[in-house]
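J.: Each chain is listed here by its residues.
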Amino acid sequence: METIYQLLQTWLPNLPEPIMRLISFAVPILFVISVFPGIFAYTTLIERKALGRIQNRLGPNRVGRWGLLQPIADGMKLLTKEDIVPRKADKFTHFLAPVIAVIPSVMLFAVLPVGSGLIPVNLNIGILFVFAISTGSVLALFMGGWASRNKFSLLGAMRAVAQVVSYEVPMVLAALVVVMATGSLSLLTIAQAQSGGFLNISNWFVFQPWGFVGFVLFMIGAMAESARTPFDIPEAESEIIAGYHTEYSGFKFALFQLGEYLASIALAGVTVTMFLGGYNGPGSHLPYVGWLISMGWFFSKMMGVIFIVIWIRGTWPRVRVDQLMSFAWKMLLPMSIINIFAAALYHFMPSKFLAWVVTAVGLLICWWGLAKLNSDGEIKKRTYRYAN
Amino acid sequence: MGFLGKGLFQGMAVTARNFVGSYFDKERMVTVQYPEERVQVPENSRTFPFLVFDNTADHMRCVGCKICEEECPPQCIYIVMDRDENGKPLQRPKVFDIDISVCMQCQICVEVCPFEAIKMDNNYEKSQYDRFDDLVERLPDLLKSNEYYNHIKPAEASAVDAKLKAEADKKAKKAAPAKAAPKPAAPKPAAAPAPVAGRLVIPEDAPFTPEQRAWLAGFLSSAGAVAGPATAPVESAAVELPAVEEAAPDTEAAPAVDTPWHDPGLAMPQRMDLAKERPLADKLMAAMAQTDCHACGYDCRGYADAIAGGAESDLSLCLPGEGETAGMLEQLMKEAGKV
Numbered sequence: 234m235e236t237i238y239q240l241l242q243t244w245l246p247n248l249p250e251p252i253m254r255l256i257s258f259a260v261p262i263l264f265v266i267s268v269f270p271g272i273f274a275y276t277t278l279i280e281r282k283a284l285g286r287i288q289n290r291l292g293p294n295r296v297g298r299w300g301l302l303q304p305i306a307d308g309m310k311l312l313t314k315e316d317i318v319p320r321k322a323d324k325f326t327h328f329l330a331p332v333i334a335v336i337p338s339v340m341l342f343a344v345l346p347v348g349s350g351l352i353p354v355n356l357n358i359g360i361l362f363v364f365a366i367s368t369g370s371v372l373a374l375f376m377g378g379w380a381s382r383n384k385f386s387l388l389g390a391m392r393a394v395a396q397v398v399s400y401e402v403p404m405v406l407a408a409l410v411v412v413m414a415t416g417s418l419s420l421l422t423i424a425q426a427q428s429g430g431f432l433n434i435s436n437w438f439v440f441q442p443w444g445f446v447g448f449v450l451f452m453i454g455a456m457a458e459s460a461r462t463p464f465d466i467p468e469a470e471s472e473i474i475a476g477y478h479t480e481y482s483g484f485k486f487a488l489f490q491l492g493e494y495l496a497s498i499a500l501a502g503v504t505v506t507m508f509l510g511g512y513n514g515p516g517s518h519l520p521y522v523g524w525l526i527s528m529g530w531f532f533s534k535m536m537g538v539i540f541i542v543i544w545i546r547g548t549w550p551r552v553r554v555d556q557l558m559s560f561a562w563k564m565l566l567p568m569s570i571i572n573i574f575a576a577a578l579y580h581f582m583p584s585k586f587l588a589w590v591v592t593a594v595g596l597l598i599c600w601w602g603l604a605k606l607n608s609d610g611e612i613k614k615r616t617y618r619y620a621n
Numbered sequence: 160m161g162f163l164g165k166g167l168f169q170g171m172a173v174t175a176r177n178f179v180g181s182y183f184d185k186e187r188m189v190t191v192q193y194p195e196e197r198v199q200v201p202e203n204s205r206t207f208p209f210l211v212f213d214n215t216a217d218h219m220r221c222v223g224c225k226i227c228e229e230e231c232p233p234q235c236i237y238i239v240m241d242r243d244e245n246g247k248p249l250q251r252p253k254v255f256d257i258d259i260s261v262c263m264q265c266q267i268c269v270e271v272c273p274f275e276a277i278k279m280d281n282n283y284e285k286s287q288y289d290r291f292d293d294l295v296e297r298l299p300d301l302l303k304s305n306e307y308y309n310h311i312k313p314a315e316a317s318a319v320d321a322k323l324k325a326e327a328d329k330k331a332k333k334a335a336p337a338k339a340a341p342k343p344a345a346p347k348p349a350a351a352p353a354p355v356a357g358r359l360v361i362p363e364d365a366p367f368t369p370e371q372r373a374w375l376a377g378f379l380s381s382a383g384a385v386a387g388p389a390t391a392p393v394e395s396a397a398v399e400l401p402a403v404e405e406a407a408p409d410t411e412a413a414p415a416v417d418t419p420w421h422d423p424g425l426a427m428p429q430r431m432d433l434a435k436e437r438p439l440a441d442k443l444m445a446a447m448a449q450t451d452c453h454a455c456g457y458d459c460r461g462y463a464d465a466i467a468g469g470a471e472s473d474l475s476l477c478l479p480g481e482g483e484t485a486g487m488l489e490q491l492m493k494e495a496g497k498v
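Residue numbers (the working numbering), protein chains in the order written: chain P, 234 to 621; chain U, 160 to 498.
The hints are simulated quantities; they were obtained by calculation from the structure and are not laboratory data. Hints may contain errors.
[Said to hold, decoys possible] Taking CB as the label site, the calculated pair distances span: (1) U:E202 with P:A620: 42 to 50 Å; (2) U:R297 with P:E315: 33 to 41 Å; (3) U:A172 with P:A306: 52 to 60 Å.
[Said to hold, decoys possible] Cut-off 20 Å, straight-line C-alpha distance, at most; resulting in silico cross-link-like pairs (SDA-like, lysine to any residue): (4) P:K605 with U:L167; (5) U:K185 with P:P261; (6) U:K165 with P:N607; (7) P:K563 with U:K165; (8) P:K605 with U:F274; (9) U:K225 with U:L249; (10) U:K185 with P:G292; (11) U:K165 with P:P270; (12) U:K185 with P:G271; (13) U:K312 with U:Q264; (14) U:K165 with P:L597; (15) U:K165 with P:P293; (16) U:K165 with P:G292; (17) U:K165 with P:R546; (18) U:K165 with P:G602; (19) U:K185 with P:P293; (20) U:K165 with P:G285.
[Stated by the list, open to error] Far from chain P, by Cβ distances over 10 Å, these chain U residues were calculated: (21) P201; (22) V239; (23) V261; (24) E275; (25) N282; (26) Y288; (27) F291; (28) H310; (29) K312; (30) E436; (31) A465; (32) A467; (33) S472.
Where is the CB? At the ideal position from N, CA and C, for every residue including glycine.
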């Protein structure tokens with residue numbers, strides 16, 4: 234926003250001050266609300282295509298070449314569908330829930346640095362904002378589930394609340410190591426802290442032991458937060474139909490989907506910014522074209538993370554509710570706390586190389602120990618007392 | 160070496176292989192893109208029946224005998240026979256409808272058809288816009304050429320063609336001696352129907368009950384007729400099947416026993432043999448094709464009674480029996496001195 238304001242002052246110094254302010258507000262907003270829903274639309278296509286290929290199918294290929302118009306067809310279909318509200322539903326809340334589901338997801342993009350110096354709002358408490366807002370979506374899920382007056386919706390909503398609240402904790406703790414390393418809550422500062430080094434790559438936090446562990450933990454937390462497989466317990470269709478959006482159809486359903494995907498994309502963006510170097514990459518600091526290259530790096534990394542999430546969705550089965558909870562509290566939470574200590578140790582070690590080795594080995598040992606502590610032991614061959 | 164999450168990564172590797180492989184290995188992709196591509200259906204697959212015609216649509220094999228209509232389990236066939244102004248059957252159907260929304264594709268109509276006229280199609284694209292009228296196939300829709308039949312089911316159709324050719328040859332051979340010697344069986348009028356066509360005869364000491372023997376004789380003779388080219392009829396008194404005579408006593412016990420020849424599986428000689436001690440009406444009935452097809456306007460019993468009673472003078476009405484029945488009827492009427 235400031236960048237645009239400064240550019241306007243340089244290029245068009247005769248423009249009145251309020252109009253300059255207005256333009257510098259409008260451009261990032263238009264960018265966010267036009268680019269990211271477009272990414273959402275094509276992410277659904279990429280997801281369907283990739284899942285198809287994973288299962289040796291073709292995926293959508295009828296609407297347009299390679300199915301490129303499929304998102305538009307989907308959108309038209311959803312918009313023209315009948316909007317059904319259950320007779321005994323709490324109509325106002327039922328209407329409000331999908332709207333609220335989208336708002337926090339869109340707001341997350343406000344603090345994402347999509348390129349070198351390109352950030353809609355450079356909040357100095359960016360990470361705090363991300364966590365505060367992304368948790369807000371759970372309110373929409375619960376509103377939707379509660380207002381539908383449907384057992385499955387309510388069950389799904391309760392699962393969603395339990396899951397999001399549980400996974401919030403390790404996720405925040407995993408993000409904390411980055412804050413410790415950079416000493417700032419601003420996502421732009423965090424991204425800047427990862428620049429430099431070999432080809433603008435070697436300083437990414439993911440290449441530190443604590444950064445890698447933090448990255449994995451944060452990815453897991455983000456997937457759980459946006460209810461992606463294998464953590465799609467709130468909408469486990471084999472158990473509770475579609476969970477909290479069972480009673481939604483047409484445009485409201487589309488809004489729920491939009492909110493979920495936007496949250497997913499935004500959290501992928503946050504993951505990239507915090508651990509994968511953000512917009513940094515070879516060529517991202519060149520004069521004149523640097524902003525374009527850095528934007529390309531950011532979006533390609535973000536799509537890469539999204540592709541990994543899709544890949545995981547195409548591979549792993551859904552966890553059970555009890556497994557979900559025990560994984561969060563017995564595995565991720567201790568690991569993220571240990572990771573904070575590892576990051577502190579890394580910071581105070583005299584030599585970088587020594588620090589790298591020591592923290593890596595320590596984290597591996599802790600991971601192994603936690604796995605041992607949590608395992609039920611070897612699965613024994615089952616014997617049947619009365620079978621023979 | 161195992162570590163926590165090993166299986167998860169193995170799974171990721173499998174899906175990655177599928178993902179990448181699907182772009183390079185055409186063998187992996189099982190999708191058949193339907194309107195552009197089609198699955199090659201197996202030859203024996205079947206959907207709905209159609210009617211076969213030879214050369215042109217006027218030469219349809221179907222004579223409108225209604226056997227398939229009677230046998231059809233879900234009753235999806237509707238036939239009206241075509242008749243001239245005198246009520247004489249024209250040996251073709253006027254109306255032949257198959258309701259494919261009712262048809263269960265059981266192929267029983269094909270099994271029972273004596274004329275090889277109705278066969279199973281393998282065209283599965285039968286979608287229509289109207290679920291009532293459009294799903295009833297009328298005679299023009301049903302008629303397909305023998306070439307089409309040969310095209311969709313080569314093996315089956317060539318077997319059928321061979322069989323029809325053999326029958327035609329047999330008929331031609333039979334017609335030739337009949338012209339030369341009009342009355343070959345004059346000395347033995349009662350036993351004249353005894354010639355058993357076929358190479359398979361049942362030995363007299365075979366362990367069969369009379370019913371089994373009668374059935375088996377019919378089965379073997381029909382199987383012989385289907386399987387190979389016709390052989391010259393063997394004139395032999397040894398195959399008169401004496402046991403069968405016991406099976407046809409003059410008792411009125413049960414209808415099945417009363418008309419034991421009423422079985423389309425039996426060949427003409429066996430049927431005549433079963434009825435040879437009976438009154439004229441029974442003998443006439445035994446000469447019918449036993450399908451109760453109503454092509455003549457009666458069932459088999461009724462037609463025989465009508466001829467015997469003098470109400471019906473046309474002896475050529477039995478369509479499934481073809482010339483065989485007509486000739487036998489004529490012979491029986493001559494023997495009875497009624498012509």
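J.: Take the hints in turn and mark each one as holding or not.
T.: Hint check results:
no.	hint	verdict
1	U:E202 with P:A620: 42 to 50 Å	47 Å, holds
2	U:R297 with P:E315: 33 to 41 Å	40 Å, holds
3	U:A172 with P:A306: 52 to 60 Å	34 Å, violated
4	P:K605 with U:L167	17 Å, holds
5	U:K185 with P:P261	45 Å, violated
6	U:K165 with P:N607	16 Å, holds
7	P:K563 with U:K165	19 Å, holds
8	P:K605 with U:F274	79 Å, violated
9	U:K225 with U:L249	14 Å, holds
10	U:K185 with P:G292	15 Å, holds
11	U:K165 with P:P270	36 Å, violated
12	U:K185 with P:G271	32 Å, violated
13	U:K312 with U:Q264	16 Å, holds
14	U:K165 with P:L597	14 Å, holds
15	U:K165 with P:P293	32 Å, violated
16	U:K165 with P:G292	29 Å, violated
17	U:K165 with P:R546	17 Å, holds
18	U:K165 with P:G602	16 Å, holds
19	U:K185 with P:P293	18 Å, holds
20	U:K165 with P:G285	24 Å, violated
21	P201	24 Å, holds
22	V239	46 Å, holds
23	V261	34 Å, holds
24	E275	43 Å, holds
25	N282	24 Å, holds
26	Y288	22 Å, holds
27	F291	28 Å, holds
28	H310	31 Å, holds
29	K312	32 Å, holds
30	E436	68 Å, holds
31	A465	65 Å, holds
32	A467	71 Å, holds
33	S472	69 Å, holds
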